[in-house]
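Let the hints inform the model, and build the full structure from the sequences given.
Here the protein sequences line up with chains A and V, keeping their order.
Reading the first sequence from the start, the letters are residues 95 to 900 in my numbering.
Reading the second sequence from the start, the letters are residues 5 to 487 in my numbering.
Just so you know, the hints here were simulated from the structure itself, not pulled from any lab data.
Treat each hint with caution, since some may be false.
[What the hints assert, rightly or not] Reference listing, derived: stretches of chain V covered by chain A, where coverage requires no fewer than 3 residues with Cβ under 8 Å from a Cβ of chain A: (1) 103 to 112; (2) 146 to 159; (3) 218 to 224; (4) 242 to 248; (5) 268 to 281.
[What the hints assert, rightly or not] Listed below are the simulated DSS-like cross-link pairs for lysine-lysine, each with C-alpha atoms no more than 27 Å apart in a straight line: (6) A:K146 to A:K195; (7) A:K524 to A:K496; (8) V:K314 to A:K729; (9) A:K510 to A:K522; (10) A:K195 to V:K56; (11) A:K729 to V:K351; (12) A:K367 to A:K581; (13) A:K146 to A:K207; (14) A:K196 to V:K56; (15) A:K802 to A:K748; (16) A:K227 to A:K654; (17) A:K717 to A:K748.
For every residue, glycine included, the Cβ atom is placed at its ideal position computed from N, Cα and C.
Single-letter residue listing:
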Amino acid sequence: MPSIRFFAPFLAATCLLAGQARAADIQFNRDIRPLLSDRCFHCHGPDEHERKADLRLDRAEGPEGAYEAAIVPGSAESSEVWARITSDDPDEVMPPPDGHKKPLTESEKGLVKQWIESGAPYEDFWAFVPPAKPDLSGKPDSVGAIDALVRRRLEAEGLSPAESADRRTLIRRVTLDLTGLPPTREEIAAFLADDSEDAWATVVDRLLDSPHFGEHVGRYWLDVVRFADTNGIHHDHYRELSPYRDWVIRAFNGNLPYDQFIRDNLAGDLLPKPTTDQLVASGFHRLHLIIDRGTALPEESFTRNVLDRVESVGTAFLGLTVQCAVCHDHKYDPITMRDYYSLFAFFNNFDGEPETGGRAGTDFRRGLQPPYISLADEKEEARLAELTRAADAADAEVAGLKKQLEAVQGDPEKRKSLTASLKQAEQKAKAARSARDDYEVTLPAAMVMKERAEPRPAHLLIRGAYDNPGEEVGRNTPAFLPPLETKSDLPTRLDLAAWFTDPEHPLTARVTVNRFWQQLFGVGLVRTSEDFGAQGEWPSHPELLDYLATRFIETGWDVKALFREIVQSETYRQSSIGSPDDYARDPDNRMLSRGSRFRVDAEMIRDQVLASSGLLNPELYGKSVKPPQPEGLWKSVALPSSYPREFIPDEGDKIHRRSVYTFWKRGLPPPQMTIFNAPTREACTARRERTNTPLQALVLLNETEYLKAARHLAQAQLSRADAGDSVEILQAIHETITAQLPDEEESEAFLDLLADLETLYRERPAEAAELCAGVTVPANRTPAELAAWTLLTSAIYNLDVTRNRP
Amino acid sequence: MHDFEQETRWSQARRQFLKTSGMGLGAAALGALLPQNSHARTGGALPATHRKPRAKSVIFLFMAGAPSQIDLFDYKPGLEKRFREPLPPSVSMGQRVTAMTRGKEQLVAPSMFRFQRQGENGIWMSELLPHLSKVADDLCIVKTLNTNAINHDPAKTFLCTGSEIPGRPSMGAWLSYGLGTMNRDLPEFVVLNSAYWTGGTRNVQGLYSRLWGSGPLPSRHQGVKFQTSGDPVLFLSNPDGVDREVRRRMLDTVGTVNRKHFGEIGDPEIETTIAQQEMAFRMQASVPELTDVEGEPEAILDLYGPEVRKTGSFARNCLLARRMVERGVRFVQLFHRGWDHHTILPKQLPGQCFDIDQPSAALIRDLKQRGLLEDTLIVFAGEFGRTAYCQGTLERDNYGRDHHPRCFSGWLAGGGIRGGIDYGRTDDFSYNVVENSVPVRDLHATLLHQLGIDHERLTFPFQGLDQRLTGVEPARVVEDILA
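Okay, structure coming up:
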């Protein structure tokens with residue numbers, strides 16, 4: 095067992111894949127390439143500078159190719175590769191013992207041998223050939239394409255699909271998956287009562303039409319593009335990007351075809367007569383980390399920003415670690431430095447400063463940096479113009495008085511009166527100016543992308559150093575991918591967008607549908623959703639991935655249609671109940687032999703508490719808000735002159751907005767979020783980690799806002815005129831939070847708890863009073879009862895089933 | 005991504021236990037029956053250390069902002085007579101500078117502080133460090149540390165994570181990942197930031213959680229930052245109106261129902277949730293016990309100096325660091341800010357030294373008298389050094405210094421390091437390394453080595469590479485300074 099790769103699920107998946115390889119024919123891409131890539135390509139791969147012995151094993155043919163000297167197809171015994179990997183001589187054996195590469199295991203060597211014996215067939219790397227529609231002939235009409243392809247794999251593994259989950263589980267699952275919120279009791283009741291054939295379709299359509307769909311699905315995109323509210327470097331000043339977030343949410347809600355979504359991100363500003371939305375979308379290029387002026391060298395900052403832009407394009411659309419080629423040719427994928435800087439050349443022509451500016455003026459307070467567009471409406475613009483006129487007029491009056499004063503010599507009386515008037519006018523002017531500025535600060539505006547009129551040349555940067563330019567490179571796409579088509583001498587970002595969304599592009603659609611799949615199943619079909627290259631993982635269901643990708647393109651990149659088709663599948667609706675052995679064999683459910691069960695994201699943890707307790711403020715869009723967090727956190731990391739430096743929580747119902755609107759300081763994001771694996775948004779993140787730690791337990795137990803929410807729900811249920819007895823109240827609370835009713839055994843456990851807590855709180859009136867501080871104890875109830883019900887509700891929030899998508 | 009091999013193994017043990025014992029036990033009883041396993045994570049990724057470790061724990065005293073080596077450790081008497089002379093181009097060799105001093109004259113600013121030979125071997129130390137001078141025989145001063153980055157943010161990120169690119173695992177995360185835990189109630193990696201400092205409020209930069217982050221390693225390896233006010237660990241305290249008995253009673257039911265659900269659903273993650281809730285409950289007791297210094301004898305408090313009586317002081321954090329190491333915390337990292345003396349250095353440096361001198365000397369003495377110094381490696385360093393030439397006003401007793409990555413000084417103590425020596429030599433301007441260069445990656449390699457780890461064999465696959473703390477450039481263990 096490899097000692098370092100310690101993720102048990104990873105190991106299990108590897109074993110499954112290896113098991114499959116033994117059962118079926120060897121496939122180069124699936125079985126051999128990952129071994130060669132990991133153990134050999136570093137010295138015998140695409141990077142010509144590192145290449146040893148003039149041998150490359152990533153290619154069969156050519157003067158340095160594997161067949162030239164290293165591999166004799168059909169005969170392992172005659173192949174140098176076989177001799178080397180099985181040698182006992184430390185000077186001969188490959189990979190070399192001092193090369194920090196793990197030796198091949200016996201079963202890995204066996205695979206290599208089998209492959210050579212069978213003729214050592216090479217294949218083009220799967221992710222770099224266009225997706226092909228899988229053969230579905232023979233599939234009965236009653237079985238959907240997704241289910242048919244999943245079952246092919248299950249049959250090969252000797253597994254069978256699970257039964258459908260029960261309806262309560264299903265509605266909780268799909269509501270969380272499509273909106274990030276739990277279903278209401280009314281929604282549950284309606285689904286349970288709907289015995290029509292399209293009951294499920296009705297639920298799915300309702301959720302896809304919900305404005306919360308865009309908030310939820312858009313949030314994953316915001317991880318990919320590292321959306322945040324601060325610069326992320328040095329002072330970590332405020333940076334206003336919220337119009338971009340609003341656009342993303344609107345785009346998903348309006349089901350903007352995804353090819354247009356890509357185009358608007360990449361090149362919205364270059365469209366003929368771009369709409370405001372398209373300009374806002376081009377703010378994609380402004381989401382990178384950025385330093386404020388004063389310590390770094392601007393030319394270095396400039397390069398850093400462009401590198402960051404390229405990385406976001408690499409992660410978001412290519413699903414490749416292109417950033418590896420900043421300093422050298424990629425070690426594993428055929429991305430050369432020239433390829434990298436040819437991409438770089440598309441993004442280095444930004445018409446703006448590479449560092450954020452000083453504190454003078456309103457831009458700083460607004461978190462803006464040119465170029466930006468105003469999003470103020472006509473009324474607001476008019477008001478601003480009026481205030482500007484007033485301020486200008488007041489300035490003019492000051493200037494006039496100054497002039498008069500200069501002209502008056504030797505008339506002390508007049509000078510005195512003029513001086514007094516001037517002082518007054520100056521005060522007035524100052525007030526008028528701040529009134530104008532204060533108003534301007536409240537107006538919305540969006541930072542956008544803009545090209546310089548005179549294109550900036552791009553150079554290969556030697557070892558990635560900003561001050562070490564090599565040869566000049568033109569704008570182009572990586573040579574191993576389809577060629578770029580362009581109508582002009584100088585390719586533009588629009589051409590690049592068209593290239594990405596060409597149906598023949600091997601990566602864009604695959605990378606996208608894989609991320610959507612990951613949202614719905616917890617793990618992508620390609621687990622490494624950020625890396626589809628040679629070091630990424632082979633897809634668990636290659637045909638399914640291709641089916642989804644081609645289907646997505648065919649439907650005109652229709653996001654909602656894709657989600658609909660997936661959640662309508664029987665695969666999606668399977669029960670996640672398994673035996674411990676099932677879970678041990680396939681912890682992450684890569685085989686899809688059951689429903690996936692996984693802990694929901696940080697934002698959903700909080701949003702679920704807010705929604706189920708009745709506190710959620712469902713308002714859409716707008717600037718970021720600051721729900722309370724423990725005191726002193728920002729101050730402990732900020733500079734004295736950071737803006738903002740101190741965290742001042744919002745008040746009122748702003749603190750109950752959905753978490754997607756929470757203010758994100760990259761230097762220290764809200765701990766309620768990061769403790770549950772939300773990324774800092776300092777780097778593009780295509781996949782979050784999902785851990786289970788004591789700090790998470792502490793948040794759910796002790797976060798005061800969460801406890802207040804529990805109290806709110808308890809109080810509301812106790813106050814209902816039709817509240818009923820304790821069993822009924824318990825059922826209402828339990829169903830509101832988990833979508834399930836407690837069975838007899840659970841009810842008994844909870845009611846025992848309730849009784850004990852009531853006793854404890856009766857003995858502790860001061861604590862009961864503290865817990866009930868600021869709320870009205872329902873009529874006919876004591877503080878001890880409300881306290882006990884609050885803790886009972888909190889207990890249900892702390893159940894594992896509540897943290898999990900079922 | 006669910007959790008780890010260890011936890012899976014533990015889950016199996018647990019399952020066996022549940023099978024044989026039935027499901028009716030309260031969580032408290034279960035916790036008591038499985039004390040070793042209830043932490044749910046004892047082992048590290050390394051099955052065994054690569055060599056016999058010389059240290060079990062590390063206390064890293066990070067001087068954020070970069071202290072001036074010329075005024076503290078790297079004695080350059082020859083500069084006295086070069087006051088206000090331009091730095092010879094043969095020394096600066098056109099090396100890059102920051103935006104703050106680019107294009108400006110580089111005039112030599114000698115240190116105004118006196119140096120004296122200290123300890124048996126007579127190593128030079130500044131008058132600003134009287135207490136550390138008294139423990140000179142325990143110190144190994146390294147004068148030839150050097151780094152790649154010239155600005156704070158990347159340089160701090162580099163020192164803490166081995167890479168200027170944000171998002172790589174930090175030193176403590178690597179150790180937690182590689183070696184696992186030595187205690188059952190506390191995190192493996194704790195971060196303590198000074199809440200205040202004396203040497204000027206302006207000479208300071210931000211800190212970022214990435215400096216103690218876990219990068220692509222599982223996030224349980226990230227540093228837990230203790231707060232200087234409020235709960236030492238975020239969300240540690242029960243809310244108002246909830247006491248420990250109430251919490252225990254509630255957790256018992258949560259555990260009971262969770263266990264029932266595990267029986268029905270089969271997902272071992274549910275068991276992890278139960279274990280982590282129990283760990284959280286234990287931390288609610290163990291962390292306040294850790295941070296409560298009331299029971300420390302007066303003599304010990306006096307050793308750390310007057311500031312130890314204030315929460316959030318560097319002195320208090322040194323004392324807490326000792327208490328953590330005593331309780332089996334693997335890696336404690338202190339951040340003390342305020343060293344970025346671009347101007348009026350002579351006015352502001354003494355206050356900074358006041359903050360750290362007595363407490364860090366006390367830490368050495370205190371660990372030593374408890375027999376813990378030999379198992380504890382203490383490292384003291386900033387992210388880079390400061391220039392021999394002046395930034396801003398230059399007088400004999402008023403000058404400033406810009407960032408300088410090419411050489412800087414730090415010290416190590418305990419944990420199998422030779423005491424009473426200084427190591428490495430810089431040129432007459434403390435500008436270039438002349439002998440025995442110690443790049444940051446060598447410091448990292450040495451640190452890992454003292455904990456029994458070969459830095460080339462503690463790796464984690466990410467972005468197609470086997471990542472390691474020392475990165476891809478060759479790194480070496482500084483054998484010369486090992487005891």
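Hints versus structure:
For a cut-off of 8 Å, the count of residues in the segment 103 to 112 of chain V with a CB near a CB of chain A stands at 3, and the three-residue condition holds. Coverage of the segment 146 to 159 of chain V by chain A holds in this model, with 3 residues showing a Cβ closer than 8 Å to a Cβ of that chain against a need of three. Judged by the Cβ-Cβ criterion of 8 Å, the segment 218 to 224 of chain V is covered by chain A as claimed, because 3 of its residues qualify and three suffice. Counting residues of the segment 242 to 248 of chain V whose beta-carbon sits less than 8 Å from any beta-carbon of chain A gives 6, enough to reach three: the coverage restraint holds.
As drawn, the segment 268 to 281 of chain V meets chain A at 12 residues by the rule of a beta-carbon pair under 8 Å; at three or more, the given contact holds. Straight-line distance between C-alpha atoms of K146 of chain A and K195 of chain A comes to about 15 Å, which keeps the hinted pair within the 27 Å bound. With a C-alpha separation of about 15 Å, the suggested pair K524 of chain A and K496 of chain A falls inside the 27 Å cut-off, and the hint holds. Note on K314 of chain V and K729 of chain A: the hinted pairing holds, with a Cα-Cα distance of about 18 Å set against a maximum of 27 Å.
Between K510 of chain A and K522 of chain A the alpha-carbon distance is near 18 Å, which keeps this suggested pair within the 27 Å criterion. For the suggested pair K195 of chain A and K56 of chain V, the alpha carbons sit about 23 Å apart, so the restraint of at most 27 Å is met. Distance hint between K729 of chain A and K351 of chain V is fulfilled; the C-alpha atoms sit about 25 Å from each other, no more than 27 Å. This hinted pair checks out: K367 of chain A and K581 of chain A have alpha carbons roughly 19 Å apart, not beyond 27 Å.
Among the hinted pairs, K146 of chain A with K207 of chain A is consistent with the structure: their alpha-carbon atoms are about 23 Å apart, no more than 27 Å. The straight-line distance between the Cα atoms of K196 of chain A and K56 of chain V is roughly 23 Å, inside the 27 Å bound, and the hint therefore holds. Our distance criterion of 27 Å between C-alpha atoms is met by K802 of chain A and K748 of chain A, whose separation comes to about 15 Å. Distance restraint check for K227 of chain A and K654 of chain A: the Cα-Cα separation of roughly 20 Å lies within the 27 Å cut-off, and the hinted pair is therefore satisfied.
The suggested pairing of K717 of chain A with K748 of chain A holds, with an alpha-carbon distance near 11 Å, which does not exceed 27 Å.
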